[in-house]
Structure formats: C-alpha cells, structure tokens
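Peer 1: Bring the two chains, given one by one in their own frames, into a single complex with the hints.
Protein sequences appear in the order of chains A and B.
Using our numbering, the first residue of the first sequence is number 1, and each one after it goes up by one.
Using our numbering, the first residue of the second sequence is number 1, and each one after it goes up by one.
A short list of chain A residues far from chain B (calculated; beta carbon distances all over 12 Å):
1) ASN3
2) THR5
3) ASN15
4) SER21
5) GLU38
6) SER43
7) VAL45
8) GLN137
9) GLY207
Here are some chain A residues pointing at chain B (derived, C-beta under 8 Å):
10) ARG61
11) ALA64
12) GLY103
13) ALA107
14) LYS109
15) ASN110
16) CYS152
17) GLY176
Just so you know, the hints here were simulated from the structure itself, not pulled from any lab data.
Being a predicted model, the structure only gives us computed values, none of them experimental.
From the three backbone atoms N, C-alpha and C, an ideal C-beta is built for every residue, glycine too.
Here's the letter readout for the chains.
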Amino acid sequence: MDNFTVGIVVFPGSNCDRDVSWALEGCLDIKTKYLWHESSDLSDVDAIVLPGGFSYGDYLRCGAIARFSPLINALDDFVKSGKRVLGICNGFQILTESGFLPGALTANKNLNFICDDVELDIVSSKGGWFNDGGEKQTIKLPIAHGEGRYHCDSDTLKKLVDNELISLRYKNNPNGSSFDIAGITNEKGNVLGLMPHPERACDETIGGTDGLFTLKSLILE
Amino acid sequence: MDQFAVKVFVRLRPSVLDPAGEATKSASIKLGAEGIKSLRIGKMIEVKIEGNGENEVREKIDLLCDRLFANTVIEDYEYSLEKL
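Next up, chain B with everything else stripped away, as it sits in the complex (with noise of 0.2 Å):
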C-alpha cells in the first residue's frame, strides 16, 4: 500500500457572495493594505490516505470531496496529492 498526503482546497463558486471574505477586505483595507482587489476565504482539508496507487486514492477523494467536503451547489474544489 501506498500512502499519500492529500491537500483539499474548497472555495466559494465565484457567483456565490462571500460575505466573510468582504468583511476581512474591509479590515485588510483598514489596515493599510492597499491594492486589494478581491478577498474570498475557503477551506484547506488535510488528509493522509492509504491505497493501491495513486488512481485509486484520486478516486476515492473525488468521491470524499464530492460527497462530504464540498457542496458543489456553492462550493468548488481541487486538490493536491503527494506521495509519501
């Protein structure tokens, strides 16, 4: 078996309004930062997974983030997948 550390990102679908991520514009903006064109806050997943190969563990974490991770009615997701 092989192991794989897996980084799940799920962000907001770009049509849905992310009123978290325009709150800490603002505050970003308060804080002096400038040139901040855009702020949309998401979730980062960790997960280790054991399996045959790195086909088996994408399909089993396609089916993790489409089933559980993600709400593919507001979210979007993608991930990245290390071999350990």
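Excised from the complex, chain A in its bound form (with noise of 0.2 Å):
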C-alpha cells in the first residue's frame, strides 16, 4: 500500500483539486498525483479523484465539457478494470455527463447556490465508500453549489433503489433531488459521486471528520 497513488484530475476550472491533495496526504498518508485533463495515461495511478469546481466554466451544462477530454475518454478502461473512482460535487456532474452514473444534475430548485453542512443518511455502503456499521448511520459533511438537484426518471431510480446503488440521502433535501439523492455508485460499486464534499470534512479544526471514511476507502482493491 505505500505506493498506492491517487490521481486528482485537475481541468481548466478545478478548484477543489488542492483540497482533496491535502485531505489525502495530509490528513490520511495516502500519496496523490495531479493528473491534467489532457493526459489520458492513468498507468501509475490506482485509484482517481474528480474534485469539485467548474470545469471548463460550466459552460454549455455542468460536467458537459469535461466529458470530451482525453483523461475521460480513458476513463472507461480504469473502470472496467474495476479501479476506484470518486466523483465530488462537479466530479460526480461530469460521471453524469459522461454515462458512468445514471441520472443528471441541474439547477438548485430554489435556484440558490447552497453552500452549507447538511446531515445525510447512509443508505447503502455498496462498494465499501461509507460505513454504516450494519445499521443506518447519520454523517455531515459540507455541500457547496448551484446545480446539485439530482433527477433522474422513475424507472432509473427504481433501479437505483432495488440495486442499493443510492449511497446517500439528505435528511432536509436543500436542493429538490429527486428522492433525496446526495450521492450514488454504479453497478460494480467501484465509481461513486455524490454532492457533498468529503474532503472538506477531514479534521475536527475545520468542523468535523465525516469525509474521512470515504477518502480512506479510496485504498480498498
């Protein structure tokens, strides 16, 4: 595990790149690499990170850029290899975007960009990304944007409810997702994205621990 890398991808508009570097070598000892947008060789990396941000300016739709760059494109085979990859805030846009997650993100219902600590219940711990020590658990972990309303159509998300592929739900929806959806993984339970950002709730000096798990569990095979 002492090489185990992470690969951050960093795009033109990336803000939280340099906080999720920190949270994981910092706070966890997990060494990381930044990978730039263009680069698509993701050999010595063993797991990847798309942080939050505003890729390309969120021009066009949120993520919808970013779907084109060679990093992506190569994505597909890190996936299919079964490696880890965590989508944060405008990482899990871009999953969206691309096809490795079902469903899109738009605007806020209240149009608001949200930028608060919210409680959100562990509904499913699929591919090891939250412990829910056997039982339903609460964390908090902070959010921050403009287009985190999750929707998708009725048959997708029965799919996501009877795969147990919804991972978390907010306790006081701040968004309008539909049935409360902070966060999913995919089939495999190796990709994940969801809203809130972990990496951001990594040290009690900064208001709380929730988002260690999941950046820890970046580590599992």
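Peer 2: The structure is reproduced here in structure tokens:
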C-alpha cells in the first residue's frame, strides 16, 4: 500500500483539487498525483478523484465539456478494470454527463448557490465507500453547489433503489433532488459520485471528520 | 460543399422542474402581464456548417445534439435548417 497513488484530475476551472490532495496526503498519508485533463496515461495511479469546481466554466451544462477530455475517454478502461473512481460535486456532474453514473444534475430548486453543512443518511455502503456499521447512520458533510438537484426518470430510480445504488440521502433535502439523493454508485460499486464534499470534513479544526472514511476507502482493492 | 445555417433549440423535458422559468414567470406577473399559463427557459444554439447535402449535415447535427448540445436525460432538442 506504500506506493498506492490516487490521481486527482485537474480541469481548467477545477478548484477543489488541492483540497483533495491536502485531505489525502495531510490527513491520511495517501500519496497523490495531479493528472492534467489532457493526459490519457492512467498507468501509474491506482484510484482517481474527480474534484469539485467549475470545469470549463460550467459552459453549456456542468460537466458537459469536461466529458470530452482525453482523460475522461481513458477512464472507461480504468473503471472496467474495477479500479475506484470518486467524483465529488463537479466530479459527480462529470460522471453523470459521461454516462458512468445514471441521471443528471441540474439547477437547485430554489436557484440559490447553497453553501452549508448537511446531514446525510447512509443508505447503502455498496463499494465500501461509507461505514454503515450494519445499521443506518447519519453523517454531516459540507455542500457547495448551485446545480446539485439530482434528476432521473422513474425506471432509473427504481433500478437505483432495487440495486442499492443510492449511497447517501439528504435528511432535509436542500436542492430538490429526486428521492433526496445526494450520492450514488455504479452497479459494480467502484464508482461513487456525490454532491457533498468529504475532503472538507477531514479535520476537527475545520468542522468535522465525517469525510475521512470515504477518502480512506479509495485504497480498497 | 453546401453551407447551412442551423438553429438548435434545447429545452428541459416537460417532467423536469424549471426553477429559472418559474422565477421569470413570477416576475412577469409582477410586471403586470396577465394570462401567463406557463413559462419555461431553454437554449438556442446557432451553427453554420458545411456538408455534402442536407442529409449529411442532418447526421452531423443529430450527433452534436444527442452527444453534446443536449443532455437527453433532462432535455429535448429540435432544430431548423436553412441552406445558405
């Protein structure tokens, strides 16, 4: 595990890349490497984080342009190989735009950019991203988004529920997301997308450590 | 090669809430406009494009709409095409 390296993808407009690096390196002693979005060589990273921010200025739709970067094209084989990918906020939007996760993220119901701590129910620990301790648990993580309203059709929602792909649900839905959804995984469980920011909850001095478990689980095989 | 002017309209699907449209509807009513039953905001994208005839250009525009201009999970699209 000493050489386990997490790649952090940097798009023009990413702004949480350094936060993720700080949380992984500084709080968890996990090695990281920045990956410029034009690179398609993922051979020396063992897991990948798509960080928050405003890739390509959120032009057209959040994540819509980022989807066409060489790195996202290369991500397909990476995901198929079973390696772990975590998309946070804008990273979640990129994962839905590029089809790695179902549904879409669109403007918050009240049109506000919401910057707050929210309580979340851990619904499923599929993929080992969350500690459900064998029973339902609640964690608190910060959110910071204007377009975090998760939307999907009823067939997709049924599939998400039936296959336990919903990881996190808001206790007090802040943005109008369908079924209070805050985070989902793919069927295999190796890809997680979530709107809350675990990397901003990794040290008591900045308000909590509920994000540590998810970041630490990047090193699961 | 023929050149075409294409206007693509991208709209949120009817089942998807449009909060910007709702806010604008509310402002329209405050302005005094009466009778507004519904107001939804979409995007219009203008493209000038070359190709060998209309069919080839339509294929290109269909691809652009389906893969880039619209996210078909939440949006519908349609377009008009004019030969220049």
